[in-house]
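Colleague: All chains should be modelled from the sequences, with the hints used to inform the complete structure.
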Amino acid sequence: MSEWGLFRRRFMRHRLAVGASLLLLLIAAAALFADRIAPYAFDAIDLPNRSKPPTLDGWHVFGTDKIGRDYFSRVLYGTRTSLLVAITVALLSTAIGTVVGAVAGYYRGWIDELLMRVTDFVLSLPFLAVLLVAAAYVGQGSPGRVAVILALLLWTNIARIVRGQYLSLREKEFVEAARALGATDARIIFRHILPNTLGPIIVNATLCVALAILLESTLSFLNFGIQPPNPALGKLIADGQGSMLTQWWLVTMPGLAIVAICLSINFVGDGLRDALDPAQAVR
Amino acid sequence: MTAAENVEPVLRVRGLTVEFTTADGVVHAVTDVSYDVAAGETLAIVGESGCGKTVSALALLGLLPRPQGRVSAGSALLDGRDLLAMDERELRAVRGRQIGMVFQDPMTSLNPVLTAGAQIEEALTAHDPSLPQADRAARVVELLTLAGIPDPARQAAAYPHQLSGGMRQRVMIAMAMANSPALLVADEPTSALDVTVQAQVLDVLRTAQQETGAATILITHDLGVVAEMADRVAVMYAGRIVELADVRTVFDHPRHPYTAALLSSLPRLDTNHRRLAPIAGQPPSLLDPPPGCAFHPRCGLSDGRLPCRTDVPPRHGTDVDGQSAACHYWNEVGPRQGTAIS
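In order, the protein sequence lines correspond to chains A and B. Note that the numbering used here numbers the first sequence so that position 255 is 247, with each residue one more than the last. Note that the numbering used here numbers the second sequence so that position 205 is 207, with each residue one more than the last.
Think of the hints as simulated: they come from the structure by calculation, not from any bench. The beta carbon of each residue, even a glycine, is placed where N, CA and C say it ideally should be. Just so you know, not all the hints are guaranteed correct.
If you want a taste of the chain A side facing chain B, the calculated C-beta under 7 Å gives, among others [to be verified]:
#, residue
1, 165
2, 172
3, 175
4, 184
5, 188
6, 191
Modeller: Put into structure tokens, the structure is as follows:
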């Protein structure tokens, strides 16, 4: 059976992960096609219908906010923004972390020392404080800049994981064999060793998406993240918290979206880890 | 005796000395090793584990573990260019192009996530990135055929875990031969394989060598493999070559007591000995080798004579052409009784 077939069979055995990935696909598709699906524009004000609880009347299934904007549409667009930011963060931080970890683990010596001290430094930063300062100076508003700031703080985990992998893989005989064939360092790092570390990298990248969504929500909640008019999930919660007791749906609906996304991503990550881990190779 | 003796050797190693710096001191892994290998010829390097045979080969390719290992003296001329004086870039151009290497364990020497064909292609692209994809694929099939792999086009798409040990070692040989190297180094190519597969893999190795006319260094501890494959034999002990001769001479009349002891420790079918005759004692620590001849504490011939304990014996030429033995009393070693194994 092919690698792919084995992988699929092991992943399929993980019921929770399969369900979670279906839900995730659904959410992602809904977010992607928000323009088509949303019953209203996210900024369409409709004062007569303000502060409505969830109702089928006019298809305000998530209710409306204080100025009558359809809350389902806002959550949908918010999900789109948040997911987009999170995926960008995951890709960026995985790329940075992988290169840093690979170079450090492969070359060892002073390069490793230097890169790992930088990693330790970033890890030791008080996360929220740095985020707030950075966001205050450069990140206000634009989803792109928020993503870059988050990525610059989140690459450390993956760098350490990848470094560990490279430290052990560089001693493998197939690496020596590649060297004996005249392969350059770059070729050994990226062509020969990297594919062997894809499992942990993919798993970590998925979990990074969940973490990024939470962090971005936190930032937005503290009013340092994505700014209006772009709706983001954290921002929606922040705006709704004042009236949490009287208009529960303003906090609950975007909150549920965050929970659903993060939980499914974590389940999918678990399933991927089990399916990609060669130590548990069930044939 | 090979006809290759009069031509310029492909590889000429002189005075190769390798040291390892460890926490306990300097280990003299290889000391003053000299030999020639001619085109089409197979030189077997035999010896016990840790006698320096693999290290001496890795040193040629610049693959010594760094920073501990280093070549402290010697030269190794491959087609007139000194491998030991090359920088990393020059070495990279030589590895896989002029020197092909087959490693001991095909289970771990193939990359588990790349197909057999892709790994052979790596060997081709490393030295000729401009080769068109179609030519590379054709060459892969050609090499797999040379290595005796049935249905090569299909096996090229197989991952290492789908191949048996013997098949994997054939893929390794195909990789080593990819660029038709002038020198093939095979480090214990059959030690990790089932006995039944060993002979097949040796056959493949021999075919590959004959097709390309490569000079071959065969590193092994298996005297059966030596008898099967080698034209000449270099016996190593404690980092030095103690005897060098063509294969018949070594088996019929070794001139170093270590070689003689090694041969008599083999099980034989033609005598009635119940027990094997092991060599008494342990190989010396290369951290602190004994003075004089490194073999003298275990040597039955030395009998405590003074030169053995004080002077390192040089390699004496013997009365047989091409044979040399590093023993003060080489002419006291008698011919071997009975027939040679093979």
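Colleague: Which hints, by number, does the structure contradict?
Modeller: Hint 6 alone not satisfied by this model.
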